[in-house]
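Protein chains in written order, with the working numbering: chain A, 1 to 255; chain B, 1 to 222; chain C, 1 to 230.
No lab work stands behind these hints, which were simulated from the structure alone. Among the hints, erroneous ones may be present.
Unchecked claim - Every beta carbon over 10 angstroms from chain C, so not counted as near; a handful from chain B, in silico: (1) 5; (2) 61; (3) 155; (4) 160; (5) 165; (6) 203.
Unchecked claim - Here are some of the chain C residues that sit facing chain B, going by a computed Cβ distance under 8 angstroms: (7) 28; (8) 32; (9) 35; (10) 39; (11) 78; (12) 82; (13) 101; (14) 106.
Even for Gly, the Cβ is constructed at its ideal location relative to N, Cα and C.
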Amino acid sequence: MGILDYANPTRVMRFSRAVKPWFLGLGLITLAVGLYGAFVTAPADYQQGETIRIMYLHVPMAWLAMMAYSMMALSAIGTLGFKHPMADVSAKALAPIGATFTAICLITGSLWGKPMWNTWWVWDARLTSVLILFLVYLGIIALWQAIEEPIKAGKVTAIITLVGAINLPIIKFSVDWWYTLHQPASVFRVDGPTIYPAMLYPLLICAAGFTLVFFYLHFAAMENELKRRRIRAMQMRAARRVAPEQPTLPQGSTA
Amino acid sequence: MSAFRALIARDVRLATRVGGGALTGTLFFLAVIVTIPFGVGPDLNLLSRIGPAIMWIGALLATLIGLERLFQSDKDDGALDLLRLTDSPVSSFVIAKVIAHWLGSSLPLVLVTPLLSLLLALEPRAILALTATLAVGTPALSFLGAVGAALAVTLRRGALLMAVIILPFSIPVLIFGVAATRAAIVEPDPFWPPFALLTATSLIYAVIGTLGAAATLKIGDG
Amino acid sequence: MWAEARLKMDGLALSRGERALVAELSIELVGGDAVALVGTNGSGKTSLLRVLAGLAEPTAGDLIMSVQGADADLPRNALVHLGGHQDGLKGALTVRQNLEFWIAYFGGSGLSIAEALDQLGVGHVVDLPAAILSQGQKRRVALARLLVAPRPVWLLDEPTAALDVASTARFLALVEAHRQAGGIVIAATHTSLDLSNLKTLDLGDYPAHGQDGEHTVKDAESYWLESEPV
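If we strip away everything but chain A, and leave its shape as in the complex, we get (with noise of 0.2 angstroms):
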């Protein structure tokens, strides 16, 4: 079955509502498993101490910001390459949980910043990288909402999502050399030269367990977006509907 077969929304409403429990069922699951071994197995870090525990949330949630970006990038192509009707309904319910799992990256950075660094935010390059890419998640979220008619905002949001797919490398560069123009990378390094297997699995494992609730979120937002569509459709339909028409003359306004 090919993926155009997937531009019927019925089907896809279908197909989603399916598979969807699964995603959230074995990605809770998975989740249990690995935040279980982020906060009891793994051990403390010798440097950082239990704060090292927050890199199992926060590693996994840039991660998954920049995979958010790529499908939405991906999904671009499919609205401006092939017209598929799908992509630009992926790529609309992909831009709030991209921003909301590059939020809580930044959040998590912040927190664990905090105490080596003694202040809630340091302009380090890595994590100025992820700001910018926060605001460009905004700025599509926001450009979605300016346009009214969704197969205009779908092919305009396509366009600027794929400058900003370009563009993002060329930040991440021009960001590395502004920070190291500035003063030399030393703060803070999230990998170490080495990691530890009994700090290594639980972060897989954690990783895995929140693509699996993405996905899920994924879906759930598109059969949103589907429904929203639908009743947007209704709305139309329901204004052109011919009133029955009155028999009785109206009456004026000394009623």
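Starting from the known structure of chain A, fit chains B and C onto it as the hints suggest.
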């Protein structure tokens, strides 16, 4: 009075619903705050020193740019004429529209200020002072911008002309706002005198701005 | 409903910008009168409506608008409805929310929203966002404003422009009902309106420059031309 409240309620509703101006204005504010450090460098000591100024300039630009459309959407759909078909003076609907705009667009800026202040490494005292000065000072910008917005619909010219005219008038607000915030950071400087001056400026601009905007709107129908 | 609604123009002169449009316009209307305002494009139809609505002031002459029982000093802004060529609807709000706002703003004691929309044949759109309505539906919703917040004088600018035959008939019946209730209707129009005892006011009959070439009212343009040094 119920007409006044109805207009405020309608405008706040339009601003905060999907596609309204509240989100975009706040995003613009955020974008300005995030962009400036790339110009001045990531040094937190420097940023915390110029942070209040950055935040104030961001709030100034976000307010003025958002205000351009204060009367424009009502002009576009013809509602602006209808809003004047009451026995209350034009200035009363100007006040209602400015209050609604402040609630829908400036209040969100004030509310996100503590969060954005963290990006500029401001101290809790400075954050408190900055939020307070923005809360008290942004009404001055809104009322001032109302004159520009009235000019924009009357002259059918864009935001650029409006900014050229309005920016110089907003300088006192910027001076007192930043001075009060700085006073909260640098101990010996007193906080209250500039804060009181800022409040006074807001009150004066509320009067001048309302009368100016109402008069400008009427000229449009000359 | 409207006792002794009265509208008197005495020697009215209008101008738009620097251009004088109309001069020496004197006419008196009472409750039940309907006037078709005709004239070529740019003859000042819309300007006259705006002056009557209190949105602009005449350059000369007197204008009295009154209705018994209302406050003697109520400005004419509060006595008129303007059914302009623009609808004044917010697309993001539903039809009901739009009309509720105008009821709260104008103070309504007329028909309910549902009744008013029904009479104009658009009762079924009441809970739809205004943005998705067709042009004719928007116009009819805008005209419903005149029914939910009653006012004695209706100033209409091409009210039937976007309406089909059936809707026009409905609307004209509402206009007749408004007249029977003692209201006054002035409609700028290019088409003939099927109303009883319709008076016609042709603005071409009140030129700003006198018939015999004598300037009754000087507009700014001719003033500056004359004052050119010889």
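Outcome of the hint check:
{"no.": "1", "hint": "5", "result": "8 angstroms, violated"}
{"no.": "2", "hint": "61", "result": "26 angstroms, holds"}
{"no.": "3", "hint": "155", "result": "13 angstroms, holds"}
{"no.": "4", "hint": "160", "result": "24 angstroms, holds"}
{"no.": "5", "hint": "165", "result": "22 angstroms, holds"}
{"no.": "6", "hint": "203", "result": "27 angstroms, holds"}
{"no.": "7", "hint": "28", "result": "23 angstroms, violated"}
{"no.": "8", "hint": "32", "result": "22 angstroms, violated"}
{"no.": "9", "hint": "35", "result": "19 angstroms, violated"}
{"no.": "10", "hint": "39", "result": "20 angstroms, violated"}
{"no.": "11", "hint": "78", "result": "4 angstroms, holds"}
{"no.": "12", "hint": "82", "result": "6 angstroms, holds"}
{"no.": "13", "hint": "101", "result": "5 angstroms, holds"}
{"no.": "14", "hint": "106", "result": "7 angstroms, holds"}
Consistency note: the structure conflicts with the earlier hints numbered 1, 7, 8, 9 and 10.
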